[in-house]
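> Chain by chain, the residues:
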Amino acid sequence: MESTNRAGQTPILTVRDLKMHFPVKNNEGLLGGRQIVKAVDGVDLDLYAGETLGLVGESGCGKSTLGRSIIRLTRPTAGSVLFQGTEMATIGERQLRPFRRKLQMIFQDPYGSLNPRQTVGTIIKTPLEVHGLAKGKEKERVQDLLARVGLNPEHYNRYPSEFSGGQRQRIGIARALAVEPQVIIADEPVSALDVSIQAQVINLLNALRRDLGIAFIFIAHDLGVVRHFCDRVAVMYLGKIVEYGPKHEVYERPRHPYTQALLSAAPDLNVVRGVPPKEHIRLVGDVPSPIDPPSGCRFRTRCWKAQAICAEQEPVLESRDDSAQDHRIACHFPAQLEGLTAAV
Amino acid sequence: MSASGDVAQDPWSAPGPGPGTGVATVPDAEALRRPSDSPLRTAMRRLRRNKMAMVCLGIVIFFVLIAIFADLLTKLEGEVLNDYHLDLVDDYGFPRIGPTSDHWFGVQPHDGRDVFARWVYGARPSLIIAFIASLASTFFGVLVGLVSGYLGGRVDAVISWIIDLVLSLPYLLFAVAMVPIIVSIAGGVDNVTPEGNAQIRFFVLLFVLVFFGWAGLARLIRGEVLSLKQREFVDAAKVLGVPTWRLLRRELLPNLVAPIIIQFTLALPAYIVAEAGLSYLGVGLIDPIPSWGQMIDAATNYYAADPLFLWLPVLGVSVLTLALSWFGDSVRDAFDPKARR
Chain A
1 MESTNRAGQT PILTVRDLKM HFPVKNNEGL LGGRQIVKAV DGVDLDLYAG
51 ETLGLVGESG CGKSTLGRSI IRLTRPTAGS VLFQGTEMAT IGERQLRPFR
101 RKLQMIFQDP YGSLNPRQTV GTIIKTPLEV HGLAKGKEKE RVQDLLARVG
151 LNPEHYNRYP SEFSGGQRQR IGIARALAVE PQVIIADEPV SALDVSIQAQ
201 VINLLNALRR DLGIAFIFIA HDLGVVRHFC DRVAVMYLGK IVEYGPKHEV
251 YERPRHPYTQ ALLSAAPDLN VVRGVPPKEH IRLVGDVPSP IDPPSGCRFR
301 TRCWKAQAIC AEQEPVLESR DDSAQDHRIA CHFPAQLEGL TAAV
Chain B
1 MSASGDVAQD PWSAPGPGPG TGVATVPDAE ALRRPSDSPL RTAMRRLRRN
51 KMAMVCLGIV IFFVLIAIFA DLLTKLEGEV LNDYHLDLVD DYGFPRIGPT
101 SDHWFGVQPH DGRDVFARWV YGARPSLIIA FIASLASTFF GVLVGLVSGY
151 LGGRVDAVIS WIIDLVLSLP YLLFAVAMVP IIVSIAGGVD NVTPEGNAQI
201 RFFVLLFVLV FFGWAGLARL IRGEVLSLKQ REFVDAAKVL GVPTWRLLRR
251 ELLPNLVAPI IIQFTLALPA YIVAEAGLSY LGVGLIDPIP SWGQMIDAAT
301 NYYAADPLFL WLPVLGVSVL TLALSWFGDS VRDAFDPKAR R
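Same order as they appear, the protein sequences are chains A and B.
No gaps in the numbering here: position 167 of the first sequence is 167 in my numbering, and each next residue is one more.
No gaps in the numbering here: position 238 of the second sequence is 238 in my numbering, and each next residue is one more.
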């Protein structure tokens, strides 16, 4: 289960060249026209049993869309998602049913993700009924699950509105656990919570990973949370992965300029303790539109190292001679920059 | 994909204490076990506390009882519905008598039928048509709105177009024009008995009311569904593999209870008025089925001589409609106290 010892292991989930494009109307001109938002544009990922993969990037980079298309909330435009070697990106909803037991999702908004008109018992019982699990003993099973996520089993008959954000998130986790999944995609599961509650929920997820061997794809924008929770990290920018590797490699030896900028932008607690602040990398400009992304390297419009080749040739996500073998960077000029992450 | 290859079963079924993250502490375990109130029950409790609503409900129940026991009440009076008493009207059709112990509300001009009997029986079609039309248009409206809003895409485009079409038709004109057409399609008028004709009219009226009634609710429900399906609990249900029909019924429908009940209670008085209005115009119910609308129509000619004949059905329609409308308003307030004026 150790992330470093994966030689010879086959991934539980394999994502290849996944693309999620959305058509949008534009109202320019007389008749308007259709444009394509390339929210996810060719992503490769491997997830091994029991490991935790962090997906970071700024808002709008496509990380949530990636998670949603892996789990088939949207049908990917192209590419493949293999669960234990079986294709699930293109099959119909009916054939997808068995996979719904294997992959689950934890949502960002603890207020929106629970049906306000159902009791906690009904909410957690739904997956059991849909998949015909724990027949005749649904209530006991639900109460076991409530206990497992640290809630009082007697909360069975309560409505979600009677719970706090952290408790609601636990209910959402219990619902995901009900089908005994092997992979959970957690879409910003703690972003909407207070910091103290965040820690509790992260500890709960950690315990579940440890006890149940569930693999996580953990989508977040909080670099600190990802560093605490994940084995490996993938950094996304404008629908693509720009850097991908073991946590300590990415955090301590980031090679892609975007990762460096991202890490440098994280607030440095040492400043509070009196250490003079490090120099920040300040990115200029906005993220380009995913409707018409820049040619070549997508980050070149904001990159301080950009040269002619960056506009002409798209850099491949690959490991470098001087980087760790499973540390891959999509950049023409990957260079190390030390000491960015003291406080993250 | 067989279940046998799953991860070790033990940790799953082990309830154990929470994984060291602290169980939420609530002092009273007994209070916890007690089921908490559903939003529906909370609304009903609020409604019960509303005196106005209860008075209105009482009035409605009063009329419902009149309709149910119309037979009994007429027997009590000692008259029979639609019995002609030509001896009680003069040569010009005016009734010779006012209210008497035999005819509590007098007799109708022209044919001398008992007004009390006509009035109590008149409550029946009013209420029956109002309830059936409300139920049917609510059912179709909710079904169409749910499907249209949830499925989206082309299905939604077509259904929305139909909804817009129905809503844009001039209701009164179409109702007046449609009734004779459908009656003749249904085989009415010429070769059917008056009773048969009245029966056909009854169903045609019901059809017309439902035809024009479902679209408004469908549009409302569609809008609600469009906003509901953006909520993450719908995504959660999809990820769990909840089939579409179950998702509509179990996840979305409970969230639509408030608008559905509100629309239903507000539709009732509207249908009572519509039935009376169309019957008054001569395209609703016809003899021998008694109806308040017809009575008002017949009474306008004799208003000066026999005002009671006019005022009774007017009172019936007005009081019932008013009570139902106020009750509907109270229901809305009970479900959505924030919207209170």
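FYI, nobody ran anything at the bench for these hints, they're computed from the structure.
Please note: incorrect hints may appear among the correct ones.
[Stated by the list, open to error] Output of the computed footprint for chain A on chain B, the stretches with three or more beta carbons under 8 Å from beta carbons of chain A:
id, region
1, 36 to 47
2, 225 to 236
3, 240 to 254
C-beta atoms are modelled at their ideal positions from N, C-alpha and C, and glycine is treated no differently.
> Now, for every hint given, state plainly whether the structure supports it.
Each hint tested on the structure:
1. 36 to 47: Holds, because 3 residues of the region 36 to 47 of chain B bring their Cβ atoms closer than 8 Å to Cβ atoms of chain A.
2. 225 to 236: holds (count 5)
3. 240 to 254: With 8 residues closer than 8 Å to chain A, the region 240 to 254 of chain B meets the three-residue bar; holds.
In summary, this structure violates none of the numbered hints.
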